[in-house]
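A.B. asks: In case you want the letters, here they are:
There are 2 protein chains.
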Amino acid sequence: MMTVLRLTAPRVYDGLIGRCAGPLMHLARSLSGMTIPQIDEEVAKLLQLKLQLGGDEGKHVFVLKTPKGTRDYNPKQMAIRDKVFKTIINCFKRHGAETLDTPVFELKETLTGKYGEDSKLIYDLKDQGGELLALRYDLTVPFARFLAMNKITNIKRYHIAKVYRRDNPAMTRGRYREFYQCDFDIAGQYDPMIPDAECLKIVYEILSELELGDFLIKVNDRRILDGMFDVCGVPQEKFRTVCSSVDKLDKMSWEEVKNEIVKEKGLSEEVADQIGEYVNIKAGGSDLAEKLLQDPRLSKSKAAVAGLTDVKLLFSYLELFQTTDKVVFDLSLARGLDYYTGVIYEAILTQAGVAPVPAPQEANGSAGDEGPVSVGSVAGGGRYDGLVGMFDPKGRKVPCVGVSIGIERIFSIMEQKAETSAEKIRTTETQVLVASAQKNLLEDRLKLTAELWNAGIKVEVLYKRNPKLLSQLQHCEETGIPLVAILGEQELRDGVVKLRNVASREEVDVSRADLVEEIRKRTSES
Amino acid sequence: MMTVLRLTAPRVYDGLIGRCAGPLMHLARSLSGMTIPQIDEEVAKLLQLKLQLGGDEGKHVFVLKTPKGTRDYNPKQMAIRDKVFKTIINCFKRHGAETLDTPVFELKETLTGKYGEDSKLIYDLKDQGGELLALRYDLTVPFARFLAMNKITNIKRYHIAKVYRRDNPAMTRGRYREFYQCDFDIAGQYDPMIPDAECLKIVYEILSELELGDFLIKVNDRRILDGMFDVCGVPQEKFRTVCSSVDKLDKMSWEEVKNEIVKEKGLSEEVADQIGEYVNIKAGGSDLAEKLLQDPRLSKSKAAVAGLTDVKLLFSYLELFQTTDKVVFDLSLARGLDYYTGVIYEAILTQAGVAPVPAPQEANGSAGDEGPVSVGSVAGGGRYDGLVGMFDPKGRKVPCVGVSIGIERIFSIMEQKAETSAEKIRTTETQVLVASAQKNLLEDRLKLTAELWNAGIKVEVLYKRNPKLLSQLQHCEETGIPLVAILGEQELRDGVVKLRNVASREEVDVSRADLVEEIRKRTSES
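Order-wise, the sequence lines are chains A and B.
Under our numbering, the first residue of the first sequence carries the number 16, and numbering increases by one thereafter.
Under our numbering, the first residue of the second sequence carries the number 16, and numbering increases by one thereafter.
Don't read these hints as lab results, they were simulated from the structure.
Just to be clear, a hint being listed does not mean it is correct.
[As the list claims (entries may be wrong)] Simulated restraints, written as ranges between beta carbons of each label pair:
| id | chain 1 | residue 1 | chain 2 | residue 2 | range |
| --- | --- | --- | --- | --- | --- |
| 1 | B | Glu252 | A | Thr102 | 53 to 61 Å |
| 2 | B | Gly144 | A | Gly404 | 32 to 40 Å |
| 3 | A | Ile440 | B | Glu444 | 24 to 32 Å |
| 4 | A | Ile296 | B | Arg508 | 23 to 31 Å |
| 5 | B | Ala433 | A | Lys263 | 33 to 41 Å |
| 6 | B | Ala433 | A | Glu224 | 27 to 35 Å |
| 7 | A | Ile296 | B | Arg537 | 48 to 56 Å |
| 8 | A | Arg537 | B | Arg537 | 13 to 21 Å |
| 9 | A | Asp524 | B | Ser314 | 44 to 52 Å |
[To be verified] Under the rule of at most 35 Å between Cα atoms (straight-line distance), these lysine-lysine pairs were calculated in the DSBU-like manner:
| id | chain 1 | residue 1 | chain 2 | residue 2 |
| --- | --- | --- | --- | --- |
| 10 | A | Lys317 | B | Lys483 |
| 11 | B | Lys123 | A | Lys98 |
| 12 | B | Lys454 | A | Lys177 |
| 13 | B | Lys177 | A | Lys91 |
| 14 | A | Lys108 | B | Lys123 |
| 15 | A | Lys412 | B | Lys91 |
| 16 | B | Lys479 | A | Lys409 |
| 17 | B | Lys80 | A | Lys123 |
| 18 | A | Lys177 | B | Lys341 |
| 19 | B | Lys123 | A | Lys280 |
| 20 | B | Lys462 | A | Lys317 |
| 21 | A | Lys483 | B | Lys317 |
| 22 | B | Lys473 | A | Lys432 |
| 23 | A | Lys135 | B | Lys135 |
| 24 | A | Lys432 | A | Lys412 |
| 25 | A | Lys166 | B | Lys473 |
| 26 | B | Lys135 | A | Lys98 |
| 27 | B | Lys98 | A | Lys123 |
| 28 | A | Lys108 | B | Lys432 |
| 29 | B | Lys479 | A | Lys327 |
| 30 | A | Lys317 | B | Lys454 |
| 31 | B | Lys483 | A | Lys177 |
| 32 | B | Lys439 | A | Lys177 |
| 33 | A | Lys454 | A | Lys439 |
| 34 | A | Lys280 | A | Lys91 |
[Claimed, not checked] Here are some chain A residues the structure puts well away from chain B; computed CB gaps all over 10 Å:
| id | residue |
| --- | --- |
| 35 | Asn89 |
| 36 | Gln196 |
| 37 | Pro210 |
| 38 | Lys280 |
| 39 | Val294 |
| 40 | Gln431 |
It should be emphasised that the depicted structure is a prediction, and the values quoted were computed from it without experimental measurement.
Virtual Cβ for every residue (Gly too), placed ideally from N, Cα, C.
Sequences are here, hints too, so could you generate the full structure?
C.D. replies: Here it is as structure tokens:
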């Protein structure tokens, strides 16, 4: 039905067009002019398709993997994930946030025009009739859509959910195509910098509580960047694109960024050098903002002055929140997304000792490690006062500020910690196993098990007619169940259960009537 | 740029092909031979596209909605959702389950061939280069893929996540295209019917604890259905398709189903009548299984005898689990999915008083209410011993049994209950608002707020320099915050805070040193 193709060079594919029909023609058509890694992916796809068609043997062999850039969470990883979520949710609730949820996909047009150069990374759904849909790229745009749709002008909410980006993931560094974001946002017309300061306080609290080692929160303001570009002579229509070059300063040297600004973005050497003078200023605090307010050129830009004044005010609130030891004002922080309008920030882990966890799937992801990545960025956010207005039919603005905790990297670090630690992670909460040393007691075991379930005790029972006592005890040791309730002929006659402590191996007879109470007492202590 | 089309009949669309270019040609091409609702959707899409292209005015007007068949959850709905999840997760944990998570999309081929006639409802992702992907249709197939991929032969796990079906949703009845499933499954080679009985016990516990009114769990077995079809003279290759007709007995009369079996599935009247004799038998218990084992025709089918014997055994365990009051053996229960191999079950709410909540979006979903739906089905599941083997390169089998709680309908009922109840649902957990009656105390308010946050107290503060005391108290009343910590010049001098009980309006001075303890005491009581 299909011939196997031996390929020596990309252009071999070109000849395919017209020789294949249906989906194959479609594939072949898209192959011309591709890069080697892209070709590898296409080959894999053709071979997958061949397998589906049945090949010569008519057998269906599955490619057993999760999609590129995604992962399963096994029970141990889930236990870690739940712990991280609990810490984060507790913090969000401590700050009085409500929560909401939105669909995993939005109308395609809801996402269009919000992400600048990153829009190409959006996952589109296939047009199967009906609406044109795309997977959410972040939680911020759906939040803005929700506010506009429900005419909400005041809310403090958190949202923890997965988002989707067709990026080339470096999974060893905790970067994926499907990943969780934990967002906290404050919408409403308030006095300047108070909600902004609370967002930074939240990042500070979460990163401290998770004990990930030392961290630093960089702060800047879009208006300062814009003002700076303006006084350096960047034409206004190039602000955003130059911004996205400056954004790369955490992974590239100034020389490389300058090169990009001159060669790719088409600015003169002089303009680039002037930008360099600002973005290479060492990060500081309130004092730096004060100093820049005196800068003869910057002080001529209304936008820059507004931004600098707000940064100064922000630092005064951060002082009251006792967070200034970890926050710096850094003129080189840019952030790529289009929708920011004021303060922006990003938190990074600075401790050198944090090595990435190797991901077993990495071998599959041959087509795309993009090289050095922003090592250690774990949270980011800023003010976006115009986004909700983009959705409102009358353009009514709802000022917003928020922060997003990117926790995949945090999971990676926690998983690595758990692996090297001696502490065993339990993946169940079972308090007691109902067991027997004798045969033919399945019915009695099931009956006791149901009694305990009905009393709210967490119980397991092995699904065998006549399991060996040893295998029942082994199950407890392996899964960390602390107690065994052992039934035998004698115990049934006496109306008791032998309650065994798995760790100490002590056994005592407990009357059936007292069993629930006794289990509760023992498992609340431990 | 585009002419508005006045359409009188579907075939008008045919003429469009070749007259449009680019995406419009694609749209037009797919329009021939469509039904009226489909055409309506296509028209909506064209108009959307027109809006995107800018139309004459060049203005971008957003369609402010969530995709068809999806919904947002506002904070009140989230509070209800969390409560339902907590009940369900507690039950799963009480039964010793671990949890895991899988990506929201899978390789398309992972899903292919698992869902029978329902496969057309799978959401495909657009081919943007790379792998062919589709959104998960349920949590069972990803679970089987996970087991095969990780060579796991024994696990008891729960998984709560959203699944996706391009169905025509009846949202008033809690049916959506994006909806949650709460799955509990037991994988492993065990003695018959013990894990199966635990799954039914779990459904029993959850539906009882959620207090949704009376319910009934119907049980049957695929092998009994197959044996019955066999002895009635249905050719084997038609077992599945007849099964999916019988599956409609909960929403259609036997006459309609018979009609489908004869006219659409091509069986004779006699064969259909014979099937009718069985599926119209009144539901029973262990006694019915016993009676059917004596049935001269059924007893000739090995499959039927195996199924009936297991159903009898299942009922004996359900007796020990004290659940037989809500479980019936019902020969008319079929269930559509292809992968079931043994026991199947479905839980329905039987209380008449449970009316559906009207969904505000229903007006948009004009194109598709399919009419009467299975009213009140809230859980279903069964045994699928072959599914994992389909993924294993060597076909190794891992027997599985599980249950899926479909909770959108449960949410609807709970939301309705909440609306009619006088009890106010809180959407935050804030314990105290830091407030002031005087001006110029923002800094002091922020400082106290941070002190309390640092002590783990849930605190809010209004983001205004000088808010009115009245608006601060109103915020507490509206959101249910029980306490206000009021600061004034005098209090600051005295080193105290005026702690006000919002409900009783009582105020006492509490020394700053004792404040945390006092707030904890008061909010743990209430």
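A.B. asks: So which of those numbered hints doesn't the model satisfy?
C.D. replies: Going through the list in order, the structure violates hints 4, 5, 8, 12, 14, 18, 19, 24, 26, 31, 34, 35 and 37 and respects the others.
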